[in-house]
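As given, the protein sequences belong to chains A and B, one line each in that order. The numbering of the first sequence is full-length UniProt numbering, which starts it at 1 and goes up by one. The numbering of the second sequence is full-length UniProt numbering, which starts it at 1 and goes up by one.
Rather than coming from a laboratory, the hints here were simulated on the basis of the structure. Nothing here was measured: the structure is a model prediction, and the numbers come from that model. Ideal Cβ positions, reconstructed from N, Cα and C, are used throughout, including at glycine. Check the hints yourself; a few may be wrong.
Stated by the list, open to error - Partial selection, computed: residues in chain B whose CB lies under 8 Å from chain A: (1) R181; (2) A182; (3) L185; (4) S193; (5) G194.
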Amino acid sequence: MLQINNLSVSYDSVQAVNQISFTAQKGRITTVIGANGAGKTTLLRTISGLIAPKSGTISWSGREIQGMRPENIVRAGIAQAPEGHSVIAELTVEENIRMGALFRLRTNRADVRAAISESYELFPRLEERKSQKAGTLSGGERQMLAISRALVSRPELLLLDEPSLGLAPLIVEQIIDTVSILCREKGLTVLLVEQNANTALAIADHGVLLALGKVVADMPAAQLRADESLRAAYLGY
Amino acid sequence: MQTFLNALFTGGSRGAIYALVALGLVLVWRGAGLINFAQMGQAMFSAYVASTLIAQGYNYWIAFFVALIVGAALGAAIDILVIRPLKKKSGTAILGSPSMRDAIPVIASLGILGILQSVAGMIWAGSERGFPAPVSTVALKVGGNTMPFTYFDLFTIGIVILILIATSLFLARTSVGLAMRASALNSEVARLSGIRTRSIRTLGWVISGAVASVAGLLVTPATNISPNSLDLILIIGFTACVIGGLDSLLGSVIGGFLLGFVIAFISVYDIPEDIFIAIFLILMGIMFFRPQGLFGSEVGRRV
Numbered sequence: 001m002l003q004i005n006n007l008s009v010s011y012d013s014v015q016a017v018n019q020i021s022f023t024a025q026k027g028r029i030t031t032v033i034g035a036n037g038a039g040k041t042t043l044l045r046t047i048s049g050l051i052a053p054k055s056g057t058i059s060w061s062g063r064e065i066q067g068m069r070p071e072n073i074v075r076a077g078i079a080q081a082p083e084g085h086s087v088i089a090e091l092t093v094e095e096n097i098r099m100g101a102l103f104r105l106r107t108n109r110a111d112v113r114a115a116i117s118e119s120y121e122l123f124p125r126l127e128e129r130k131s132q133k134a135g136t137l138s139g140g141e142r143q144m145l146a147i148s149r150a151l152v153s154r155p156e157l158l159l160l161d162e163p164s165l166g167l168a169p170l171i172v173e174q175i176i177d178t179v180s181i182l183c184r185e186k187g188l189t190v191l192l193v194e195q196n197a198n199t200a201l202a203i204a205d206h207g208v209l210l211a212l213g214k215v216v217a218d219m220p221a222a223q224l225r226a227d228e229s230l231r232a233a234y235l236g237y
Numbered sequence: 001m002q003t004f005l006n007a008l009f010t011g012g013s014r015g016a017i018y019a020l021v022a023l024g025l026v027l028v029w030r031g032a033g034l035i036n037f038a039q040m041g042q043a044m045f046s047a048y049v050a051s052t053l054i055a056q057g058y059n060y061w062i063a064f065f066v067a068l069i070v071g072a073a074l075g076a077a078i079d080i081l082v083i084r085p086l087k088k089k090s091g092t093a094i095l096g097s098p099s100m101r102d103a104i105p106v107i108a109s110l111g112i113l114g115i116l117q118s119v120a121g122m123i124w125a126g127s128e129r130g131f132p133a134p135v136s137t138v139a140l141k142v143g144g145n146t147m148p149f150t151y152f153d154l155f156t157i158g159i160v161i162l163i164l165i166a167t168s169l170f171l172a173r174t175s176v177g178l179a180m181r182a183s184a185l186n187s188e189v190a191r192l193s194g195i196r197t198r199s200i201r202t203l204g205w206v207i208s209g210a211v212a213s214v215a216g217l218l219v220t221p222a223t224n225i226s227p228n229s230l231d232l233i234l235i236i237g238f239t240a241c242v243i244g245g246l247d248s249l250l251g252s253v254i255g256g257f258l259l260g261f262v263i264a265f266i267s268v269y270d271i272p273e274d275i276f277i278a279i280f281l282i283l284m285g286i287m288f289f290r291p292q293g294l295f296g297s298e299v300g301r302r303v
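Work out the full structure: start from the sequences and follow the hints.
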């Protein structure tokens, strides 16, 4: 279980996240939705340790993790597929995937190999392109690669930052389906940040709506999806 | 013909030294994104240590390995004591401005070079010294003919090729090498993947320091060591890695050999005063027609 408690984050003297609290249940998909600039990406970057919070706590399985280094957050079982389908363009597809498992190589070499072939089963297109440079991939393939890289670290919590951004609807559906299968079948906890509220709420169990760095709604996804006044006020449709 | 062969082999063995210097610079560039001008300070320092040990009667190879460790330790010390703290101090106007952020560690490395040179001057009283080469520096004889090169020339060239192959394989084939490339290319994604980028960067400094020490040790039998004796080699080595393309190990080595040949041929067939004009012209030519260097990757290629 991921618990965010009164979390505030500011940078460049702008309060990006203001006193937010919510919980992401184990084995469920929780989505954080909101317009551009609502603080969604800042929230994810704070959870994965790239930004230090100003105040508040983030606890994961009962352990406070705020302010820890990103490389140690990964070791605590939290992996992020960052915004913009971030992969390293100059490295090959396989190198990008292996990168996510390097820290486990010394302790569990066999499982690293298993994790890499699992991600190829999940996304066969990556296996076809495994010795290609990641820079040659399409946007959708890059997103698959970013997710695979996160998965080979065997996370318990997967953080996804705008996986649908700039992708064709069919690809978005494929990626989202894969994520929800992972969650249902393997008990992975997912925190999905999305601007595309419809897609996200359709697969999520729980929804958190952010506006200008504050939580304005925190309720079951189906309920949030049905609430037309909230949607009209904060999502603009 | 004899003159030509002479120039060829002199160029080869001098070029090997420039190649090593360039290789060391590329290793830090790829790991930390800066040109480490202190590198020849590290090399000079470890050559002095080796020369002291040899003067006290230690075996050459013991001195050689101690010098490698000294060079590597200096590399780690520079990163941990100077470069890391500088990175943290981004709050001030000068250190925080984007144009200065990349320049300041380079300026710091020049400062470290100055410090290493003065400390060496204080310890060893600025005296020039040298030590013998590990293998013969007398011209080789094959079937009664005197060859235009020595065992030591071959030894130097061999070591450079060995180090090029070893560092290339290390970067391309090992997990730590992958971690090094990933941290240099995109440290944020690397950290999100669980790579300890700070330690990995320090490792780059360590390897580069050891490579620089080898350069210092190989050049000392030819030119005695003094606190400033490697300055010129640093400048030529730096030019070599710019010619080769800052991020290419192979390119830097080829650039080193190229300059070695140019310098040797000019000093044989022309007057030595023209050497720097030639180097400058080559550098300008590369900058104009192939700014990424002979083997460098183009910037902005990202899709």
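Results of checking the hints against the structure:
{"no.": "1", "hint": "R181", "in the structure": "holds, 7 Å"}
{"no.": "2", "hint": "A182", "in the structure": "holds, 5 Å"}
{"no.": "3", "hint": "L185", "in the structure": "holds, 5 Å"}
{"no.": "4", "hint": "S193", "in the structure": "holds, 5 Å"}
{"no.": "5", "hint": "G194", "in the structure": "holds, 4 Å"}
Hint compliance for this structure: every hint is met.
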